[in-house]
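Colleague: Protein chains in written order, with UniProt numbering: chain A, 1 to 214; chain B, 1 to 287.
Just so you know, these hints were derived from the structure itself, not from any lab. Keep in mind that a hint or two might mislead.
[As the list claims (entries may be wrong)] Below, a list of computed lysine-lysine pairs in the DSS-like style, where the Cα atoms sit at most 30 Å apart: (1) B:K49 / B:K218; (2) A:K172 / B:K71; (3) A:K172 / B:K49; (4) B:K71 / A:K13; (5) B:K218 / B:K71.
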Amino acid sequence: MNVLLDNLSLYGKGLLGTVELTVFASLLALVLGFLMAAFRVAPVGSLRAFGTAWVTVLRNTPLTLLFFAVVLGLPRFGFVLPFNLFAILALGCYTSAFICEAVRSGINTVPVGQGEAARSLGMTFPQTLGGIVLPQAFRSVIPPIGSTLIALAKNSAIAGAFSVTELLGVYKPLSELGYSIIWTFVWIAVGYLIVTLTISALFNVLEKRYGVAR
Amino acid sequence: MTTALYDVPGPRTKARHRLYGLVSTVLILALIGWVLYLLFATGQFTAPKWTPFTYKGIQELLLRGLGNTLKAFALAAVLSLALGGVLATGRLSEHRALRWVCTLLVEFFRAMPVLVMIFFIYVALKAEPLIALVAGLTLYNGSVLAEVFRTGVHSVDRGQREAAYALGMGKTQVMTHVLVPQAVRAMLPAIISQLVVALKDTSLGYLITYEEFLHAGKLIASNLDYDLPFIPVVMIISPIYIGMCMLLSWLAYWVSKRQRRNPKVEGVEVAAPEPGTLLPGGHQPPR
Chain A
1 MNVLLDNLSL YGKGLLGTVE LTVFASLLAL VLGFLMAAFR VAPVGSLRAF
51 GTAWVTVLRN TPLTLLFFAV VLGLPRFGFV LPFNLFAILA LGCYTSAFIC
101 EAVRSGINTV PVGQGEAARS LGMTFPQTLG GIVLPQAFRS VIPPIGSTLI
151 ALAKNSAIAG AFSVTELLGV YKPLSELGYS IIWTFVWIAV GYLIVTLTIS
201 ALFNVLEKRY GVAR
Chain B
1 MTTALYDVPG PRTKARHRLY GLVSTVLILA LIGWVLYLLF ATGQFTAPKW
51 TPFTYKGIQE LLLRGLGNTL KAFALAAVLS LALGGVLATG RLSEHRALRW
101 VCTLLVEFFR AMPVLVMIFF IYVALKAEPL IALVAGLTLY NGSVLAEVFR
151 TGVHSVDRGQ REAAYALGMG KTQVMTHVLV PQAVRAMLPA IISQLVVALK
201 DTSLGYLITY EEFLHAGKLI ASNLDYDLPF IPVVMIISPI YIGMCMLLSW
251 LAYWVSKRQR RNPKVEGVEV AAPEPGTLLP GGHQPPR
């Protein structure tokens, strides 16, 4: 207990770092993921190929390797950014591949008849997409996106090993100060539980409000 | 291709799509060109950065790293399958206390970042890097696999279980003779997909100085004598990592495709485990 009370500001900073990483990387992942999903269902072959390559490569890359390449490799190209921006970039790009697949399978769950019916009513492409297909697709992708973002929050722990201030990194100064390592980790675990449970609760609310029972 | 999104294109739309295709191809090529320009402009293809890879010592270092990666993966795979089996048996048990303990363990290990567990075992329990890595991976992947096994057994048609009980089989017999053999076929793709996750996560060993593939790469990359060949190292080790994972992913895909044609597994399908789906109060994946 003492570990937490004595070092509340250190833990707070770590938790804040994790939350910050999670929020910004999630935003990047959602934007890129939806873009890649749009590419993958596009009628244009080269965009489809680009989307497929993006997803295949990133899904099969170990995140540690991606962090290594981004944090230690990009500066060799002359891109020098703060470490947390690098971490957001790596986490966001990695997660976007999983978001893309979730969104794509969501679009595939919309029955073809829905689009056909919309077209036969004389709706234009934007009307079909925006009014009929996407709202239905959006509803069925809420749960998988939720679990992908929980995975992102957990993956953000890797950033701590690449000089980013976040929750797991807290253990180092504390063990140097001689605090009980076991208790240090107990509170780190509680911190991660708070973050993941919050995301889980948020998506439960979203699903209750917008989800659809098929 | 049939999607809900658009009709079969007519001649004018086809022409328009060709134009879009041309523009996007040019843009993608421009992007690749820019990356190549950056590579050349920052001197990534100069001799001093690449000659080290012709040295025998360096090659052996990389091979040793790869061997260590595969060793950790093999250990983690076998142990997580075993742990998954034990935890799933516990969750399917008729004893309430046992069921509760196993549920608690599964949910906890799935909710924790793997790296936190690995660091805990490495730092607090002072284990060897290999042991910490394998133990962390086993706890996490074992819990996820336990869920896969459990949903797999549940996904077998109820009539099978009922028929077996009606024949007078005991619970253990129903499990081992009727349910598990059928479930295993259906679960195989999901199990292999989870092994891809384990393979990818072996690279976390790098962070606790386990001498695996990425660790070997880092050693070479930070060598001043070779002019810090970070980019060449990334260019050599990432295709190998990605290739190994893709091979395993492809195996999972191939198995699931073959099974879809197999009448014996008709109607039984186990979805790939999603990372951390079943948090307490969280969403239950569709069965």
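Colleague: Would you mind marking each hint as holding or not holding in the structure?
Modeller: Do the hints match the structure? See the list:
Among the hinted pairs, K49 of chain B with K218 of chain B is consistent with the structure: their alpha-carbon atoms are about 14 Å apart, no more than 30 Å. Taking the CA atoms of K172 of chain A and K71 of chain B, the gap is about 29 Å. The hint holds against a cut of 30 Å. Of the supplied pair hints, the one linking K172 of chain A and K49 of chain B is violated, its CA atoms being roughly 34 Å apart against a limit of 30 Å. A C-alpha spacing of about 37 Å is found between K71 of chain B and K13 of chain A, which places the hinted pair above 30 Å, so the restraint is violated.
As the CA atoms of K218 of chain B and K71 of chain B are separated by approximately 19 Å, the hinted pair is consistent with the 30 Å bound.
Violated hints, listed in ascending order, are 3, 4; each of the other numbered hints is respected by the structure.
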